[in-house]
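Number of protein chains: 2
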Amino acid sequence: MTAAAGFRASGTAVGIKSSGAADLALVVNEGPSRAAAAVFTSNRVKAAPVLWSEQVLKAGELDAVVLNSGGANACTGPEGFQDTHKTAERVAEALDTSAARVAVCSTGLIGVRLPMDKLLGGLFASVGSLAATAEAGADAAEAIRTTDTHAKTAVVERSGYVVGGMAKGAGMLAPGLATMLCVLTTDAEVPQPELDAALRGATARTFDRIDSDGCMSTNDTVILMSSGSSGVVPDPCEFAQAVEAVCADLARQLIADAEGASKEIEIEIVNAASEADGLEVARSIARNNLLKCAFYGEDPNWGRVLSAVGTTRAKFQPDELSVAINGVWVCRRGGVGEDRELCDLSDRHVHLVVDLAAGSETVTVWTNDLTKEYVHENSAYSS
Amino acid sequence: MTAAAGFRASGTAVGIKSSGAADLALVVNEGPSRAAAAVFTSNRVKAAPVLWSEQVLKAGELDAVVLNSGGANACTGPEGFQDTHKTAERVAEALDTSAARVAVCSTGLIGVRLPMDKLLGGLFASVGSLAATAEAGADAAEAIRTTDTHAKTAVVERSGYVVGGMAKGAGMLAPGLATMLCVLTTDAEVPQPELDAALRGATARTFDRIDSDGCMSTNDTVILMSSGSSGVVPDPCEFAQAVEAVCADLARQLIADAEGASKEIEIEIVNAASEADGLEVARSIARNNLLKCAFYGEDPNWGRVLSAVGTTRAKFQPDELSVAINGVWVCRRGGVGEDRELCDLSDRHVHLVVDLAAGSETVTVWTNDLTKEYVHENSAYSS
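Residue numbers (UniProt numbering), protein chains in the order written: chain A, 1 to 383; chain B, 1 to 383.
These are calculated hints, taken from the structure and not from any lab test. Mixed in with the good hints there might be a few duds.
As the list claims (entries may be wrong) - Okay, derived cross-link-like pairs now, DSSO-like style, lysine-lysine, Cα gap no bigger than 30 Å in a straight line: (1) Lys315(B) to Lys58(A); (2) Lys86(A) to Lys118(A); (3) Lys263(B) to Lys372(A); (4) Lys372(B) to Lys372(A); (5) Lys263(A) to Lys372(B).
Make the full structure from the sequences, and use the hints.
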């Protein structure tokens with residue numbers, strides 16, 4: 001958060017989590033620019049902080065983002081929305097700004113009110129700890145963790161400016177977006193419409209192309225803020241690429257740390273008639289539980305790939321489909337190809353290629369295997 | 001198979017399965033009627049026997065169905081189709097009919113050719129064992145099992161006639177259809193168009209409304225044959241209800257025996273604006289891995305229900321949604337309802353009700369929980 005100049009951050013434990021771990025993060029843009037853009041979950045059931053932040057971001061400017069773990073504040077009715085409103089107001093008071101310039105993000109269990117006494121009580125400590133140091137940025141990334149085994153940050157430097165980011169998310173990872181919160185900061189001077197375009201392009205090709213378990217959350221939020229404090233006005237293309245690089249780095253970190261996963265599976269659809277076709281096929285494969293179990297068992301069961309492809313509306317002929325698993329073309333033109341015994345699935349990274357033989361588009365989606373540990377983690381406690 | 005008069009059946013072990021278990025079933029219609037109807041998987045990647053039987057069924061008449069377990073004969077190219085053709089021809093020779101009147105069904109691993117020497121060699125024993133006894137019917141049901149822990153049959157009797165059925169399927173159960181083979185027989189005298197209508201109506205409300213794991217197979221086939229040997233021409237409504245009763249019974253048996261499942265979950269969507277809306281919402285919930293894990297852990301995590309509902313295009317307002325788990329309204333009007341601790345999830349049967357408050361349609365879909373045993377069973381071996 002603080003790799004880009006013009007930002008202060010903090011991460012503190014205020015008692016929302018019963019474990020006593022850090023659970024409140026604050027990121028403040030010191031300017032001179034306050035331009036900001038955001039994308040939110042496409043789930044129609046949206047948490048209170050998403051409803052709030054969607055309104056706030058309409059103005060295209062932000063002074064601060066406050067994020068809590070330990071509770072999603074989703075499905076909590078009008079009272080939950082009031083809780084979000086109060087949180088933004090209290091942050092605004094402390095920073096001498098208006099609540100309408102403060103975004104709020106929450107993550108954790110759905111359907112439970114936040115302990116507002118603890119949250120509001122802890123805000124003063126949170127504001128008091130704000131700093132522009134690397135440590136303060138790391139603290140913020142730490143405070144948004146839920147089942148993440150480690151904090152996730154990424155930074156890229158370009159000619160005279162920096163784009164940095166932090167993210168959380170370890171389960172419920174699915175397009176549109178993953179179950180994740182992400183805040184990106186840059187000290188480049190970028191007009192709001194350009195921030196918005198860069199962010200939408202980047203998330204569509206990164207966070208929207210990871211699908212750990214097919215489940216879409218109520219709280220997903222990605223916010224990009226520009227302080228302009230470097231004074232550098234970047235080339236729009238270069239800037240968009242920098243934002244995408246940070247998002248891609250964070251997205252891969254999310255998949256690498258997905259709940260209970262033992263494999264990171266790269267699903268590459270080649271020769272699709274369109275990008276939409278490629279995406280539909282890739283997502284259908286990414287959500288096929290039987291295939292995900294097979295990869296967990298290191299079994300190159302390519303029949304399960306074809307049965308997933310067959311459920312889509314994409315353009316293809318069944319007898320033209322080919323499938324490679326880690327370089328071995330186990331299925332050629334809809335029939336048996338090379339010996340499946342040649343596939344080595346012992347590595348954590350699995351590369352699946354499906355050739356639709358219907359065009360020239362290539363689309364890649366990342367997913368995980370389905371493991372006993374995933375079932376354990378998601379059955380053993382409410383999250 | 002033999003509960004209805006006019007049918008002979010057999011089930012034998014011909015060596016397709018390395019375990020030596022029964023793997024070849026034969027059902028023969030002795031008439032006087034030979035009317036038949038069928039529905040097939042909506043997967044675009046169809047196994048050779050599906051492609052064959054679709055052609056055969058166009059004539060609306062069948063003399064016999066031959067079914068093997070131990071191999072799906074899917075994604076096996078033109079050679080696989082030739083194997084199916086040869087199987088039908090050999091059965092036709094033995095029964096003194098034409099191959100065009102013999103349907104073929106296969107189930108098992110995708111992407112492997114069938115051991116045709118064993119299959120064809122075993123057909124003579126199979127034909128030789130044909131009998132109209134209850135035991136022969138039970139043998140046929142036994143021979144189509146794959147991971148099913150037991151054979152599945154159902155019979156209903158109506159005024160002067162019988163509808164009977166057998167089915168297999170324990171995983172890859174998803175609408176359109178489940179991974180299943182099912183043969184239904186009746187001694188009622190029913191014209192083919194009426195058979196077809198009864199079968200389509202029944203499967204749409206039974207097999208198409210079970211969704212164990214969201215995966216759709218390449219081989220699903222449901223065949224209904226009428227021998228007319230009772231001489232009874234039934235009331236069309238009563239007959240359709242009888243067929244649906246047999247299908248419903250078999251569908252529940254499939255869900256009860258789904259791979260690794262510890263819960264049977266009845267998802268009832270009430271007050272939907274349309275049947276299509278109710279189905280979309282129910283299927284979205286049935287495919288939510290996080291919720292299915294929660295039920296495995298007996299955790300009434302209703303937030304996961306709402307986040308699944310929110311991914312659909314059905315008509316609803318988020319703040320009008322209510323959810324009951326085993327009779328406890330844990331979510332009312334989009335917010336926190338009764339204490340989730342009141343839910344007792346210890347029973348194998350879980351009843352989930354989602355009130356969309358958008359109309360008056362009710363739709364029910366059955367699914368299972370997602371368990372460590374499911375992952376184990378589907379990772380530990382190729383099927």
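How the hints compare with the structure:
1. Lys315(B) to Lys58(A): Measuring from Cα to Cα gives roughly 26 Å; hence the hint holds.
2. Lys86(A) to Lys118(A): Cα-Cα ~13 Å, so holds.
3. Lys263(B) to Lys372(A): holds (17 Å)
4. Lys372(B) to Lys372(A): holds (5 Å)
5. Lys263(A) to Lys372(B): holds (17 Å)
Going through the hint list in order, the structure satisfies each hint without exception.
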